[in-house]
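Novice: Construct the entire structure; sequences and hints are all you get.
Protein chains: 2
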Amino acid sequence: MLPMPRYKVTIAYDGTAFYGWQKQQPPDKEPLRTVQKVMEEAVMELTKVDKVDVVGASRTDSGVHAIGQIGTFVCEREYDLRKLPMMLTARLPADVHVLDAEIVHDDFCPISECTSKGYRYTLTWGCKKEIRRPLFDRHVIAWTAYELELAPMQEAAKYIVGEHDFASFTRKNHGKESTVRKVFSCEVRESGLREIQMDISGNGFLYHMVRIVAGTLLEAGRGYWAPEKIIEIFEAKDRKAAGMTMPPEGLRLEWVSYEQ
Amino acid sequence: MLPMPRYKVTIAYDGTAFYGWQKQQPPDKEPLRTVQKVMEEAVMELTKVDKVDVVGASRTDSGVHAIGQIGTFVCEREYDLRKLPMMLTARLPADVHVLDAEIVHDDFCPISECTSKGYRYTLTWGCKKEIRRPLFDRHVIAWTAYELELAPMQEAAKYIVGEHDFASFTRKNHGKESTVRKVFSCEVRESGLREIQMDISGNGFLYHMVRIVAGTLLEAGRGYWAPEKIIEIFEAKDRKAAGMTMPPEGLRLEWVSYEQ
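In the order they appear, the protein sequences are chains A and B. Sequential numbering of the first sequence, starting at 2, is according to this note's numbering. Sequential numbering of the second sequence, starting at 2, is according to this note's numbering.
Worth double-checking, as some hints may not be accurate.
Which copy is meant is left open, because identical chains are indistinguishable; a pair holds if it fits in one copy or across any two.
[Stated by the list, open to error] SDA-like mimics (lysine to any residue), calculated; alpha carbons at most 25 Å apart, straight line: (1) Lys84 x Phe185; (2) Lys24 x Glu148; (3) Lys241 x Ser63; (4) Lys38 x Arg134; (5) Lys52 x His106; (6) Lys159 x Pro249.
Just so you know, these hints were derived from the structure itself, not from any lab.
Specialist: Written out as structure tokens, the structure is:
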């Protein structure tokens, strides 16, 4: 018997109305609305099977967005790869789109074979009369009342880059064997009037890591910590040493990369 | 006794989660969530009174947005006009902002004294694989599967300008004495990749008029009607002669103007 084709799809979603990526089944209740759940429902509807597993590269949290999530699934039928994204999107709710599809080798795993990921955090700041909180895009941009300066955030971001023990940048009971991760790049730029974007890429990210990095750079941006403070925070290996966990709406998974 | 100050405020809102501007009280049910209702609640909370009327310049429909709605109310206390917008916004839900405040003469009416209004309708089009429906901004941009051409829409828009009987561009039982309105300008432009904006201003608009004008220009844009068809549609004085009523999410009230 020939192995069934394994599909790798690129998924974009507005995370506002989702309890994150991963399926969740509270006891004695309906399963929560998650991206994995609606993806599996769309694949089952298309392929007319009763069960399918869609494995995602990244377990994004409740309220976090994606334009480059990767999901894989196997199914018996072969689909035209140019048409498959639309066939799935047509069966998905309006807040999830499938952007691209390809066939991958039979034992491809989107989690273990991932070599790097990129996230973007977008933030606006200020609370004076002439400064507006986001209105129409408040679900995709975070907001802080602090006045921020770009240069110290850019300075602090340089300390984030490299291989470090990110124990201070994740929750205390992270349950991971190692908290060492390699950040390839961390760039902060002005993306609009009083709007700041942080782009970060690395070989892996701990739970809440990007949002805690963003909250730590914010402390540098508002002048509370000098950029060099990051060195101390790494050394502390203590969640309390770092800045706050920024809210989910500012975060978006941009891309997931695999060795060719 | 001195008359109480009458405030005129500029209001922006994301209409997605509102049943339009106007208060609505279904029998034996909770009042619907409308912008007027939450505005009156915010004013009552601020001014510590039990009842207030916030009169709006335009009764925007369910799902329609605004960045330049005008509301007026009277209250006993005098507020610092620079601070009043923030004081109200702080008491409003996240989908309504008060942008500006001024004091107007004692018998100012935002409806009868309005001399012109401007609306914008934003639309994306196309359904091929490489063309995406709006995702993160699907609540503020309408979408059509038709392929659209800009030039015939611009051509058709010219016929909309001027004083006309807009009876074909409103619902059949409009209940208005006159359906003659004057459109000062109607401009269609490309505002992004496969994204089209229509800006329309006039001395007054009938129920659904802007959305029906947009739906009629769409028929020109997809090549179903020649631009000159607009002349016939005016002459018909029949709702069925015009194009479809476009969905509310693409519509935004931009500004309301008064004689100085």
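Novice: Okay, which hints does this one fail, numbers in order?
Specialist: 1 and 2
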